[in-house]
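Listed below, chain by chain, are the residues.
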Amino acid sequence: MSNKPYVREVSKTTWFLNPQQPRYKRYMAREVTCIFIGAYTFLLIVALKRLAEGPDAFQGFLNALHSPLGVLFNLAALVAAVYHSTSWFNVTPQAMPIQRGEEFVPGNIIVGAHYAVWAVVSLIILILGI
Amino acid sequence: MSERQIQLEVLRYDPETDSEPRFQSYAVPCKNEWVVLDALNYVKENLDTTLSYRWSCHMAVCGSCGMMINGEPKLSCKAFIREYSDKIRVEPLANFPIERDLVTVVEDFIAKLTRVKPYLIPKEDKPISAGEFKQTPAELMKYKQYTLCINCMLCYAACPEYALVPDFIGPAAIALAHRYNQDSRDGGRDQRQEVIATDEGVWECSFVGACSEVCPKHVDPAGALQQVKVASTIDWYKEHLMPWVKK
Ligand code: SF4
Ligand code: FES
Numbered sequence: 001m002s003n004k005p006y007v008r009e010v011s012k013t014t015w016f017l018n019p020q021q022p023r024y025k026r027y028m029a030r031e032v033t034c035i036f037i038g039a040y041t042f043l044l045i046v047a048l049k050r051l052a053e054g055p056d057a058f059q060g061f062l063n064a065l066h067s068p069l070g071v072l073f074n075l076a077a078l079v080a081a082v083y084h085s086t087s088w089f090n091v092t093p094q095a096m097p098i099q100r101g102e103e104f105v106p107g108n109i110i111v112g113a114h115y116a117v118w119a120v121v122s123l124i125i126l127i128l129g130i
Numbered sequence: 131m132s133e134r135q136i137q138l139e140v141l142r143y144d145p146e147t148d149s150e151p152r153f154q155s156y157a158v159p160c161k162n163e164w165v166v167l168d169a170l171n172y173v174k175e176n177l178d179t180t181l182s183y184r185w186s187c188h189m190a191v192c193g194s195c196g197m198m199i200n201g202e203p204k205l206s207c208k209a210f211i212r213e214y215s216d217k218i219r220v221e222p223l224a225n226f227p228i229e230r231d232l233v234t235v236v237e238d239f240i241a242k243l244t245r246v247k248p249y250l251i252p253k254e255d256k257p258i259s260a261g262e263f264k265q266t267p268a269e270l271m272k273y274k275q276y277t278l279c280i281n282c283m284l285c286y287a288a289c290p291e292y293a294l295v296p297d298f299i300g301p302a303a304i305a306l307a308h309r310y311n312q313d314s315r316d317g318g319r320d321q322r323q324e325v326i327a328t329d330e331g332v333w334e335c336s337f338v339g340a341c342s343e344v345c346p347k348h349v350d351p352a353g354a355l356q357q358v359k360v361a362s363t364i365d366w367y368k369e370h371l372m373p374w375v376k377k
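The listed protein sequences derive, respectively, from chains A and B. Just so we're aligned, residue 1 is where the first sequence starts under the working numbering, counting upward by one. Just so we're aligned, residue 131 is where the second sequence starts under the working numbering, counting upward by one.
Please keep in mind that the hints were generated in silico from the structure rather than gathered at the bench. Mixed in with the good hints there might be a few duds.
Here are the simulated DSSO-like pairs of lysine-lysine, each with C-alpha atoms no more than 27 Å apart in a straight line [to be verified]:
#1 B/Lys347 to A/Lys25
#2 B/Lys274 to B/Lys256
#3 A/Lys25 to B/Lys359
#4 B/Lys274 to B/Lys347
#5 A/Lys25 to B/Lys217
#6 B/Lys368 to B/Lys347
#7 A/Lys25 to A/Lys12
#8 B/Lys274 to B/Lys208
#9 A/Lys4 to B/Lys174
#10 B/Lys272 to B/Lys247
#11 B/Lys253 to B/Lys359
#12 B/Lys359 to A/Lys12
#13 B/Lys253 to B/Lys264
#14 B/Lys161 to B/Lys347
#15 B/Lys272 to B/Lys161
Generate the whole structure from the sequences, applying the supplied hints.
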């Protein structure tokens, strides 16, 4: 080793803006979706609290949800949740490969199974909700 | 044979005279079937004998010719000129200190490889007279993909975690540890877990996935790291919730 190796510094705050690595921005976009998912979870806790406070309080909460801002937030949270979930489903074959004998189960079957479970759970919730 | 004039911009650094790296441009007449490494060899033979870079096999086997080509970690012997425009920028692998020109300092990676004990640690000592350790094709398949790694370090150059936290043991070394952990003949998992199931091991990884995208051998190191996370999490639950269950 020479006694003067040159170290190229990487910015701790703007590294993901590297124009030659668009995959970093994709990664950050996915991380940002967590904020919406966290916020939506918080919203559900508020809903429980309002429900405990009685019918009037809960009606007020529902009215707030129907306001333009409420609808906008719900739409944004839906988009974020879908992006978060689908991008996770798509990498599950990497994290959870399934080997049968000498072969690995094809990735699209593992991904498809996730979508299927998602659809079934959503359907059950929909039916319970009606 | 068709030829094309390429502007090769190479990041140069001479530790004896330079305080920081600088780009130097070379006009290289490239043949259609050339790779970037051929263009560098042309420069070295015809234009500038002082240019330093590593290579050996010219066939994507030795793993020594990794560099940033237009900002992407690539094996220069596998990067065909015809897939690029007339201006190609070549820099040493990102996230490693520059030794000279395109040559990087790789001691950190070598040390990490050593730490994960990348060799078979048999479960019990067996005299040679007891015969070989047998393995079925299915048992081989379980880890075969991870044996394909050529230690080219492209995955480290792609990894933003390694860029920000140099202590991170990183993709290739952990994938190699996983390779031996998955081997039916091996009994060294506990020893390796002490190194890789740690904050500077898999838990530093946030699954950007860049390592697997740039890996020239389709090792999928990102997949290996997630599998180590899953297995380590199961270990934790077993240890804390079901201490009576033997691992
Ligand atoms: S895992 Fe792939 S990119 Fe990383 S060192 Fe091995 S072959 Fe190179
Ligand atoms: S020269 Fe050996 S991998 Fe490129």
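Outcome of the hint check:
1. Between B/Lys347 and A/Lys25, the direct Cα distance comes to roughly 25 Å. Compliance with the 27 Å bound is thereby established for this hinted pair.
2. Only pairs whose Cα atoms come within 27 Å are accepted, and B/Lys274 paired with B/Lys256 is accepted, the gap being roughly 24 Å.
3. Taking the CA atoms of A/Lys25 and B/Lys359, the gap is about 24 Å. The hint holds against a cut of 27 Å.
4. Pair hint B/Lys274 plus B/Lys347 holds up; C-alpha atoms about 12 Å apart against a cutoff of 27 Å.
5. Restraint check for A/Lys25 and B/Lys217: the C-alpha separation of about 25 Å stays at or below 27 Å, so the hint holds.
6. About 35 Å separates the Cα atoms of B/Lys368 and B/Lys347, which puts this hinted pair outside 27 Å; it is violated.
7. Proximity of A/Lys25 to A/Lys12 is assessed by CA-CA distance (about 15 Å); at most 27 Å being required, the pair is judged to hold.
8. With a C-alpha separation of about 23 Å, the suggested pairing of B/Lys274 with B/Lys208 holds against the 27 Å cut-off.
9. Straight-line distance between C-alpha atoms of A/Lys4 and B/Lys174 comes to about 23 Å, which keeps the hinted pair within the 27 Å bound.
10. Distance check on the hinted pair: B/Lys272 and B/Lys247 sit about 19 Å apart at the alpha-carbon level, within 27 Å; holds.
11. A hinted pair counts as satisfied when its Cα atoms are at most 27 Å apart, and B/Lys253 with B/Lys359 qualifies at roughly 23 Å.
12. Distance restraint check for B/Lys359 and A/Lys12: the Cα-Cα separation of roughly 25 Å lies within the 27 Å cut-off, and the hinted pair is therefore satisfied.
13. As the CA atoms of B/Lys253 and B/Lys264 are separated by approximately 13 Å, the hinted pair is consistent with the 27 Å bound.
14. Taking the CA atoms of B/Lys161 and B/Lys347, the gap is about 26 Å. The hint holds against a cut of 27 Å.
15. Only pairs whose Cα atoms come within 27 Å are accepted, and B/Lys272 paired with B/Lys161 is rejected, the gap being roughly 42 Å.
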